[in-house]
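*Asks:* Sequence:
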Amino acid sequence: MSKQTPLYHKHLQAGARMVDFGGWSMPLHYGSQLDEHHLVRQGAGMFDVSHMTVVDLQGAGARDYLRFLLANDVAKLKTPGKALYSCMLTPEGGVVDDLITYYLSDTFYRVVVNAATRDKDLAWMRDRATGFDVLLQERDDLAMVAVQGPGARDKAMSVMEGDLARAADALSPFVGAQAGDWFVGRTGYTGEDGFEVMVPAAEAPAFWARLLAAGVKPAGLGARDTLRLEAGMNLYGQDMDEQVSPLESGLAWTVAFEPANRDFVGRAALEKQKAAGGLRRFVGLVLEGRGVLRSHMRVLAGEAGEGEITSGGFSPTLGVSIALARVPAGTREKVDVDVRGKPQPARVVKPPFVRNGKACVEI
7 MSKQTPLYHK HLQAGARMVD FGGWSMPLHY GSQLDEHHLV RQGAGMFDVS
57 HMTVVDLQGA GARDYLRFLL ANDVAKLKTP GKALYSCMLT PEGGVVDDLI
107 TYYLSDTFYR VVVNAATRDK DLAWMRDRAT GFDVLLQERD DLAMVAVQGP
157 GARDKAMSVM EGDLARAADA LSPFVGAQAG DWFVGRTGYT GEDGFEVMVP
207 AAEAPAFWAR LLAAGVKPAG LGARDTLRLE AGMNLYGQDM DEQVSPLESG
257 LAWTVAFEPA NRDFVGRAAL EKQKAAGGLR RFVGLVLEGR GVLRSHMRVL
307 AGEAGEGEIT SGGFSPTLGV SIALARVPAG TREKVDVDVR GKPQPARVVK
357 PPFVRNGKAC VEI
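All letters in the sequence shown, in the order written, are residues 7 to 369 by my numbering.
Where hints are given, some of them may not hold.
Claimed, not checked - In silico EDC-like cross-links for lysine to aspartate or glutamate, where the CA-CA straight-line distance does not exceed 20 angstroms:
| hint | residue 1 | residue 2 |
| --- | --- | --- |
| 1 | K88 | D169 |
| 2 | K223 | E209 |
| 3 | K278 | E264 |
| 4 | K16 | E209 |
| 5 | K364 | D231 |
| 6 | K280 | D79 |
| 7 | K280 | E254 |
| 8 | K161 | E209 |
| 9 | K88 | D70 |
| 10 | K88 | D187 |
| 11 | K348 | E312 |
| 12 | K280 | D247 |
| 13 | K356 | E294 |
| 14 | K348 | E314 |
Treat the hints as calculated values from the structure; they're not laboratory data.
Given these sequences and hints, build the entire structure.
*Replies:* Laid out in structure tokens, this is it:
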């Protein structure tokens, strides 16, 4: 039986179509996925992301532990609340999961990992904590609501009070702040501005109701996926996994090879891959032919060889089909995609496709 978030009954009251996602019963949409997508791009929408796993890391060895665990370097974080996007890697250089780490102090960090990989991630993190003075605590007492869109911050702050409202108002992008038992981060997974608010589970339904009253409408997993695809944001299990390096997943920017004396899980494998060269490229595609791009479709790159679409679909904002794909190193600007047995022309572009409501590629 699927697990339920503290907002489960709110979704039922709103007429959501519920589906299983990573072992959780989650809303796919509340009537129109397309309307929910445009709502976030043009106004303000909210997502129940309470299925995500929040883990607090505390102790004198927390910093050193994370510097070993993650491919990115938490030593970059100097300002309390600053967030860092990174991957946990296998020794072979594959991606165990991607996550966000908030720096609260040298002895206190908050990590948010994906729902579908919860058990694997927690076991992986605990196994690698041996020898470090660090305590890992899963915060299953918290719910999380993402409020996203050009109007999201104003509407969300209108239902916040006191220290929480002041903290939210002062946040720069990719920074979070704690206010009592609540935590608010100016982060998201849509390519729009907004907040991700961690709230005590018992208080989540009332917070959701206040946001509804302020004019923020709910959006489901369907819109969340088309929004993140337009924003060029990876989805674990599709765009990267334990079999693929971040260097071939458009995530090289999240790997900190400096300082050279920092050892982290997977470093030797990534250095070997870099030295060997010939790495596959992770690119965006805009379909110029007919059909809709879907994951696992073959990308035909001529003499360079073949690649594969990792995520694809119709872009509601751009009105065309788009995709993320892993292709051979020598791929040029024009390719064909095998759409139901017929090659259809597509253009290679650099993601993102849409950010802050505006097209980033020519259509």
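*Asks:* Compare the structure with each hint and give your call.
*Replies:* Quick rundown of the hints versus the structure:
1. K88 - D169: Since the Cα atoms of K88 and D169 sit roughly 18 angstroms apart, the hinted pair holds (cutoff 20 angstroms).
2. K223 - E209: 18 angstroms, holds
3. K278 - E264: Within the cut-off at roughly 16 angstroms; holds.
4. K16 - E209: 13 angstroms, holds
5. K364 - D231: Measuring from Cα to Cα gives roughly 18 angstroms; hence the hint holds.
6. K280 - D79: Measuring from Cα to Cα gives roughly 19 angstroms; hence the hint holds.
7. K280 - E254: 10 angstroms, holds
8. K161 - E209: Between K161 and E209 the Cα gap is close to 18 angstroms, so the pair holds against 20 angstroms.
9. K88 - D70: The hint holds at about 17 angstroms.
10. K88 - D187: The hint holds at about 18 angstroms.
11. K348 - E312: 15 angstroms, holds
12. K280 - D247: It holds: about 19 angstroms lies between the C-alpha atoms, which stays within 20 angstroms.
13. K356 - E294: 16 angstroms, holds
14. K348 - E314: Given pair K348, E314 holds - Cα atoms ~15 angstroms apart, limit 20 angstroms.
The structure fails none of the hints (numbered hints given earlier).
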